[in-house]
Amino acid sequence: MTTLPDRPNTALVVIDVQNGVVGEAHERDAVVANIGALVDKARGEGVPVVWVQHSDDQLEKGSEAWQYVPELAHGESEPVVHKTFGDSFEGTDLEAVLARAGIGHLVVTGAQTDQCIRNTIHGAFVRGYDVTLVADAHTTEDLSAWGAPPPEKVIAHTNMYWQEQAAPGRTAAVTDTANLTFSR
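First residue of the sequence shown? That's 265 in our numbering, and the numbers climb one at a time after it.
In case anyone wonders, no lab produced these hints; they're calculated from the structure.
Any given hint could turn out to be false.
Label pairs and their calculated CB-CB ranges [what the hints assert, rightly or not]:
no.	residue 1	residue 2	range
1	409	447	39 to 47 Å
2	341	427	27 to 35 Å
3	354	288	20 to 28 Å
4	366	386	20 to 28 Å
5	409	349	39 to 47 Å
6	341	301	16 to 24 Å
7	272	420	27 to 35 Å
8	447	321	36 to 44 Å
9	442	335	17 to 25 Å
10	360	310	16 to 24 Å
11	310	407	31 to 39 Å
Taking lysine to any residue pairs in the SDA-like style, the calculated list, with each CA pair at most 25 Å apart, reads [as the list claims (entries may be wrong)]:
no.	residue 1	residue 2
12	417	379
13	305	333
14	325	287
15	417	427
16	305	294
A quick note: this is a predicted structure, and the numbers were derived from the prediction, not measured.
Glycine residues also receive a C-beta, built at the ideal position from the N, C-alpha and C atoms.
Take these sequences, add in the hints, and give me the full structure.
Below, the structure written as structure tokens:
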């Protein structure tokens, strides 16, 4: 039900599952395994997989920290979008990549829940996309020493409020890996 004309397709978006981002993330192995299962399912159903990779002073391009985790490998024909801001659309070619493929619905996974995931799901929604957040396929590190809630609460809160998002002509949804269907 996207507001984007002629965009009937769905894509799986994998955000920042990089060594330096998820190394200390909450339930890292389970989340990475869920993302891997979703990537396999998307590929099996012919659903495009779009990889997003962040770089900054702590994640220098080409460094070990910048690399995607070894459990996840992008396919040769799958686009990799390089970003330097939290919202995967800002200063990137993500919109062009999605437009070329007729994508109007994003299924979002990755890290960090309280930064790049939230920024991207909101950025997509205001740009007219339908957005499904996979509840057990995003994570964050523990920033409670700096006043943030514990990671499990950050994740639960994000899942809770995203399922209540509403806007004209767009849908927001939350589902888990086992119940995700790419068809709308």
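request  = Take a quick look at whether residue 305 and residue 333 sit within 25 Å of each other, Cα to Cα.
outcome  = holds, 19 Å
ask   = Is the distance from the Cβ of residue 341 to the Cβ of residue 301 consistent with 16 to 24 Å?
value = holds, 20 Å
query = Is residue 305 close enough to residue 294, meaning Cα to Cα at most 25 Å?
reply = holds, 16 Å
Residue 447 paired with residue 321, Cβ distance criterion 36 to 44 Å = Given a distance of about 41 Å, which is inside 36 to 44 Å, the answer is holds.
task = Go ahead and decide if the range 27 to 35 Å is satisfied by the Cβ distance of residue 272 to residue 420.
result = holds, 32 Å
inquiry  = Within 31 to 39 Å: is that where the Cβ-Cβ distance between residue 310 and residue 407 falls?
reply    = holds, 38 Å
request  = Decide if the proposed pair is consistent with the structure: residue 325 and residue 287, CA atoms, cutoff 25 Å inclusive.
outcome  = holds, 17 Å
inquiry  = Within 27 to 35 Å: is that where the Cβ-Cβ distance between residue 341 and residue 427 falls?
reply    = The hinted range 27 to 35 Å holds for residue 341 and residue 427, with Cβ atoms some 33 Å apart.
inquiry  = I want to verify a distance hint. Is the separation of the beta carbons of residue 409 and residue 349 within 39 to 47 Å?
reply    = violated, 25 Å
task = With respect to the beta-carbon atoms only, verify the hint that residue 366 and residue 386 lie 20 to 28 Å apart.
result = holds, 22 Å
ask   = Given a hinted range of 39 to 47 Å, is it respected by the beta-carbon distance of residue 409 and residue 447?
value = holds, 43 Å
key: Cβ separation of residue 360 and residue 310, checked against the hinted range 16 to 24 Å   = holds, 21 Å
Hint check: a violation occurs at hint 5 only; the rest are consistent with the structure.
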